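Residues 2 to 208 (the numbering used here) are what the sequence shown spells out, left to right.
Simulated from the structure, these hints should not be mistaken for laboratory data. The structure displayed is predicted, hence computed values, not measured ones. Do not take every clue at face value.
[As the list claims (entries may be wrong)] Pair by pair, the computed Cβ-Cβ distance ranges are:
#1 P60 <-> E39: 44 to 52 Å
#2 R37 <-> V91: 34 to 42 Å
#3 A84 <-> D7: 30 to 38 Å
#4 T68 <-> F110: 33 to 41 Å
#5 D79 <-> S139: 14 to 22 Å
#6 A67 <-> P160: 35 to 43 Å
#7 L161 <-> A121: 12 to 20 Å
#8 E39 <-> M63: 27 to 35 Å
Heads up, the beta-carbon is just placed ideally off N, CA and C, and yes, glycines get one too.
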Amino acid sequence: MTPVIDRTTYFVTDIESDGPDPARNSMLAFATVAVRLEDGIVDSFEAVLSPRPDREQDPRTMTWWATEPEAHALATRDPRDPATVTADFVAWVERFPRPRAFAARPLFFDGRWIDEYLRAYAGVPLVAPPWEKAPLFSGAGIDIASVMTGVLGRPWREPLPADWLGDVPHSHAAIDDALGYAHLLLKFLKLGDANAPVLADLAEQRS
C-alpha cells in the first residue's frame, strides 16, 4: 500500500481573554503556530487586541489575572484594533496552501473565541458550511486532547510531561502556550503516523 503523506498545515492556537464568554467578554491576545507533520513548526502569528467596547470584563477572570501579572502584562501591551488584527490573521492563514486545519487544546474554548472574531470582523466562520468552496480552514477543527486519546487509547491526566510541550513553559502567554501545544500535536501526529500502516490494514480487512 502506498503511504499517504499528510500535507496539512495545522494552525495551533491559544487565546487569552478577560472572561469565559465570547458573547460577553473580550479576547485580549492570541497566538497561532503553523505546523506540518514533515516540516515541524513553519511560522507563527501573535497579536494583542483592544477590548471590544460592547463587552465587559468578568470579575472572576480578572481576579485570576491578578495572580499572573507578567502574563497579563503581555496580554494587554500595545493592543491593536480587533478588525485590523483579524484581517491580518486571515491574510496570514491564506498564505498557506490547503488543506489547512485549526487546532487547539481545548478546541471548544479557543475555537469559540476565534470563531466569534472571524465572524464579527471578517465575515467568515471558523467551521465553514458544506457549500463553501474556499473555506479558511478545512473540517470542524481538531481538539488536541482528542488526538492524544485516540493515539493512547485513553484520556491523559494532567500534568503533561515538559518534553511533550517542547520544554516550553505553559506561562499563559499566548505564544508560549501555542508553541507548547504545537509541539504536543506534532508529537502525537507522528505517533499516529507511525501506526498508520497498521490502521490502514485493519480498515482494509473490515471493508
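Structure-based check of each hint:
Taking 44 to 52 Å as the suggested C-beta distance range, the pair P60 and E39 conforms, at roughly 46 Å. At roughly 20 Å, the beta carbons of R37 and V91 sit outside the given window of 34 to 42 Å. At roughly 34 Å, the beta-carbon separation of A84 and D7 lies within the given 30 to 38 Å, and the hint holds. Remark: the range hint 33 to 41 Å for T68 to F110 is contradicted by a beta-carbon distance near 19 Å.
Checking the proposed 14 to 22 Å range against D79 and S139 shows it is violated: the Cβ atoms sit about 33 Å from each other. A hinted range of 35 to 43 Å is violated for the C-beta pair A67 and P160, which are about 23 Å apart. At roughly 32 Å, the beta-carbon separation of L161 and A121 lies outside the given 12 to 20 Å, and the hint is violated. In this structure the hint that E39 and M63 lie 27 to 35 Å apart at CB is violated, the actual value being about 42 Å.
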